[in-house]
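Q: Residue numbers (the numbering used here), protein chains in the order written: chain A, 314 to 458; chain B, 314 to 458; chain C, 131 to 203; chain D, 131 to 203.
No wet-lab data here; the hints were simulated from the structure.
Hints are not guaranteed to be accurate.
[To be verified] No more than 27 Å apart at the CA atoms, straight line, and that leaves these computed lysine-lysine pairs for DSS-like:
hint	chain 1	residue 1	chain 2	residue 2
1	A	410	B	325
2	C	189	C	171
3	A	381	B	426
4	C	189	B	410
5	A	381	A	410
6	A	369	A	426
7	B	381	A	426
8	C	189	A	369
9	C	189	A	426
10	D	189	B	369
11	D	171	B	426
12	A	426	B	369
13	B	325	B	410
Keep in mind that this is a model prediction, so the values were computed, not measured.
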Amino acid sequence: MMELHQGALDTKEIFGRWLDEEASSNYGAYIPFVGTIRAEDEIEALSFDIYEPILKRWFDEWQDRAAKRGAIVKMAHAIGDVPIHTSSYISAVFSPKRRVALELIDEFVEDFKANAPIWKYDVINGSRVYAADRSTPMDGAGLLS
Amino acid sequence: MMELHQGALDTKEIFGRWLDEEASSNYGAYIPFVGTIRAEDEIEALSFDIYEPILKRWFDEWQDRAAKRGAIVKMAHAIGDVPIHTSSYISAVFSPKRRVALELIDEFVEDFKANAPIWKYDVINGSRVYAADRSTPMDGAGLLS
Amino acid sequence: MVRVEFLGPIAREALEIDASSVQEIADRLREDETLREWLPKCAVALNDEMISDLSIELKDGDRVTILPPVCGG
Amino acid sequence: MVRVEFLGPIAREALEIDASSVQEIADRLREDETLREWLPKCAVALNDEMISDLSIELKDGDRVTILPPVCGG
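Isolated chain A, as found in the complex:
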């Protein structure tokens, strides 16, 4: 399941709902990764644009990769402004086995950072500034140059 929310995530609600959804699935390990906006420089929030059709395909491919290892992945992300000290991102792995869960959460989160079609902006004095210095070209970038 992939879900997008306007503004900051309700972290506890999402954690608990995902736990309940898999309460009888007999997974031995549940590892959520919770990303929270840090207070840095003078930002009051971060803001996110998401291109959902490609994010959905990216996520579905990960669901298939997880399934081959007996696991599932879930993901929630914020759209728009997310104030500091609140959460913009949660992803999670459920797996029968500890090792698979620990490896998958690492690969899933890293590939998310590299290839999920999401753009980040600092919000400073109410205006959005693209976080160019923290952004990375997706796999295959430069095709048209």
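Since the structure of chain A is provided, determine the placement of chains B, C and D on it from the hints.
A: Chains B, C and D in isolation, oriented as in the chain A frame:
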């Protein structure tokens, strides 16, 4: 913080409380690992013995190791019987940085499995059977043999 | 016609381009000064599928999407 | 006297042993048939600190703990 509870953990309460405890600590990544009792063979529950003084030392050393990387660890474990499909174990890392959090949760959970002084028993027809086949000698085992 | 869309921080309206391959889209976009800094860093999708081959043929109604550097989470 | 305690599934009462080193504890426990299978798999703590050296000296009131294979989580 390390906490031991009689019986199954209240996973949502612990997740939420830890989140609240660090709400203003400016950590960007929070990764809990939730261990849940799987239904296998004919067990109705698992049961745990814990030797707290050594577990506490083990945990305090991990707190120091995490601190050197700017992170903190937390841990909760059940004592006694834990029914299937409920949780016996939660550990978590909070870190400013994603990479440190992902690496630490893996190292912390693996070392926990290898060296935390906790003994597991299958509960079958109400009686406890030591899970010898799933248990591993701690680092340094065999000193007296 | 092929529709070319620019995502995220590339502040540009979509273009309608008469092109029969991804190569022709590349040729046209390279002429655009304002895209010069973006193109080397941008990935490309065709009808919402990521692509990595300039020789792919295009047909009328196709949608090419230009994706600048990302930073989710 | 040194107190030797057995944890978890080793169903044994604690022993009081007159010993001046960990080596002497090892010598005494090896004589015990019922511990023969446990000892190669057990780790050892002295006053709740894990140890890995037989030559450590012991003093009156020390507490040696025998820890069988673990499986937390």
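Q: Each hint: holds or not?
A: Each hint tested on the structure:
| no. | hint | result |
| --- | --- | --- |
| 1 | 410/A with 325/B | holds, 21 Å |
| 2 | 189/C with 171/C | holds, 26 Å |
| 3 | 381/A with 426/B | holds, 25 Å |
| 4 | 189/C with 410/B | violated, 45 Å |
| 5 | 381/A with 410/A | holds, 13 Å |
| 6 | 369/A with 426/A | holds, 15 Å |
| 7 | 381/B with 426/A | holds, 25 Å |
| 8 | 189/C with 369/A | holds, 24 Å |
| 9 | 189/C with 426/A | violated, 32 Å |
| 10 | 189/D with 369/B | holds, 24 Å |
| 11 | 171/D with 426/B | holds, 15 Å |
| 12 | 426/A with 369/B | violated, 36 Å |
| 13 | 325/B with 410/B | holds, 24 Å |
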